[in-house]
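**Q** Below are the chains, spelled out letter by letter.
There are 2 protein chains.
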Amino acid sequence: MTKLPKKELFHIPDGVLYLDGNSLGPLPRSVPGRVAEVLQAEWGEQLIRAWNKAGWMALPGRVGDRIAPLIGASPGSVMAGDTLSIKVWQALAAALKLRPERRVILSDTGNFPSDLYMANALAGLAGGGREVKLAAPEEVAAAISDEVAAVLLTEVDYRTGRRHDMFEITKAAQAAGAVMIWDLAHSAGAVPLDLAGSGCEFAVGCTYKYLNGGPGAPAFIYIRPDLISEAEPALAGWMGHADPFEMATDYRPAPSIERMRVGTPPIVQMAMLDAALDAWQGVDLTELRAASIRLSELFIAEVEKRCPQLELFSPRDPDSRGSQVSFRFEAGYQAMQALVAKGVIGDFRPPDVMRFGFTPLYLDEGDILAAVAILEEVMTDELWRDPAYQTRARVT
Amino acid sequence: MTKLPKKELFHIPDGVLYLDGNSLGPLPRSVPGRVAEVLQAEWGEQLIRAWNKAGWMALPGRVGDRIAPLIGASPGSVMAGDTLSIKVWQALAAALKLRPERRVILSDTGNFPSDLYMANALAGLAGGGREVKLAAPEEVAAAISDEVAAVLLTEVDYRTGRRHDMFEITKAAQAAGAVMIWDLAHSAGAVPLDLAGSGCEFAVGCTYKYLNGGPGAPAFIYIRPDLISEAEPALAGWMGHADPFEMATDYRPAPSIERMRVGTPPIVQMAMLDAALDAWQGVDLTELRAASIRLSELFIAEVEKRCPQLELFSPRDPDSRGSQVSFRFEAGYQAMQALVAKGVIGDFRPPDVMRFGFTPLYLDEGDILAAVAILEEVMTDELWRDPAYQTRARVT
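Protein sequence lines correspond, in order, to chains F and L.
Add 16 to a position in the first sequence, counting from 1, and you land on the number used in the numbering used here.
Add 16 to a position in the second sequence, counting from 1, and you land on the number used in the numbering used here.
Be aware that one or more of the hints could be misleading.
Which copy is meant is left open, because identical chains are indistinguishable; a pair holds if it fits in one copy or across any two.
Claimed, not checked - Distance condition first, Cα-Cα at most 30 Å in a straight line; then the derived BS3-like pairs of lysine-lysine:
{"id": "1", "residue 1": "Lys22", "residue 2": "Lys69"}
{"id": "2", "residue 1": "Lys187", "residue 2": "Lys22"}
{"id": "3", "residue 1": "Lys113", "residue 2": "Lys187"}
{"id": "4", "residue 1": "Lys22", "residue 2": "Lys358"}
Think of the hints as simulated: they come from the structure by calculation, not from any bench.
Construct the entire structure; sequences and hints are all you get.
**A** Right under this line is the structure:
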């Protein structure tokens, strides 16, 4: 019954051990052929007619429906499009409309910066004394007061890998009368999710990490089905209109999740994501999660044994982590450069965090052991002292 | 010196006369190879490292700088990204911040619906009694009062093809103390533009029409250089931060036009647009415009002679038109379906408008004469009465 690993579905370059699928998933082998078809047979041959004939118009909803089972959502509750920052804005703006009398957006200090930037910008634009308050991740549930309009949290912390308890916090938010918004950037495709069961009002996420949709792949937004018809799209673009091609002067949102569409969708990237999602056919997310824990536990044990210079930054309890493991090291930036130069790709997050992602679709225990052996060499031989790795460039 | 036509740079299917490049430009032959390279050599081989090594991080600004000369803007004043609706929102939100004491957004009844929807949604969110007022296109200059914060107009009307006088209206807006925003959806790549000379504060546009960037290609935003450092991005995503990879909790906008970036850019569609822009090398926009007028004048003359059922809807004076011509016909929807079935592709806009675009990069006088001959056949033989064309589907 287990279908793991699906390694052969992905292109992993020779000599590379890729522990950064939590940042940008690798190229699924199904993507280039699909893209060539969209370019040549659809755009090239059908031209404008492809919006209907090739199903371009319906593609964002179709892709949303394929993401839905991966996050525990029902068909018709997920729409793909835009970027995660835009979808955060839409979810949060809709939440504020649902709680007009409340002034506080609550988030945590571990949230991804873009979520906080968007929340602050929205609070400023909406005015009325609205403000963003931040609590420490461990204290966020206790900080939900009856002033809070919306709780906006990323389920898995991008730096530490720490995972919130989605059910508990959603319950606490709703008990206080707040709207719950989950950012699933580091969750979708990494851990089993039950959005419907959690009862949360909104969720958003990106698809270029564990879902392997490619660089700048479309984001997604989820709305709890009973709320769709009252959720204001905020960014009221024509594609979310009930009948875009009526071209009416007045906006009338689509009755369905289609209302969260904004402008003309990026069809090629949407098709890439659609093709990338093929890899999930037959994947049992509970088995995937068990494999992820096996890989990350092995990694932690080996690193702690062989690289005593590194200090575990992620929670030790696998149930409290997502699918990444972070270690702190003073020269972490330089050490990551040295490691990448030797073919082991992870990434670095300020101030001193070396981050490694575990993606059992294309990683196995042999990869982990090989990666740790190289990491040990980098640390023991202090390869990170090489002058080539001292200059700080922008690294994603 | 003339480099027109550049027809061989585009793929036009056999048997097709494409008069809809004003809606979706055809596939440039340079695009599939570039996309294959981005997928295989960049994403596939470099993985996350491609953000720096393959120049992905800088691509939106580089593409913006390639659009700049086509719209009369200087390098560093144009940024590519997101969709046109999002860029309208950003420009308008920044304009409202520049005129906090004023309450009115002025547009015209011919503006594209999405611009009006976004303007209304923004006015509602910003509150403070802000509202959108609409004037008839001919009366918009006279309607600019000292209550107006921003004038938001699409230079070329998507239905009629009527073209505003950019210099005159910008002058009128600024004389009244309002901020001027031009939407160049139907202008960029169609008519010579001198944004810098006009002095307008903001402009936005899309690239999948005359610029041939492909379905859902990224949009762009222009800010007058002296205003960049005070223009608030509104949608304050991390990619517009002065140092995104500092991952600071507080937002600090980039000092440059980079501040108008929002989320992670769609790299494949950005590269497609970059490749599509190659077609503009050596194109003199004044010559292109002259060719467009020759083609559209020929089309009007022939249609009026041979299809008396159709009534010209666009301005008769070519200087008052963009690069499209619209005719009204009661059964325009059905007639356009019949025409498309015979290989002449234009499009339909409610309530009864048959729309034809003139794109001298890949259309010549022979194409125009051949298209009119088929249109004459559709009209004379009343092919539009065929039951197959009576059902109204969504058509872009």
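**Q** Compare the structure with each hint and give your call.
**A** Checked hints:
no. : hint               : in the structure
1   : Lys22 with Lys69   : between (32 Å within a copy, 28 Å between copies)
2   : Lys187 with Lys22  : neither (36 Å within a copy, 62 Å between copies)
3   : Lys113 with Lys187 : within (20 Å within a copy, 38 Å between copies)
4   : Lys22 with Lys358  : within (25 Å within a copy, 47 Å between copies)
When held up to the earlier numbered hints, the structure conflicts with hint 2 and nothing else.
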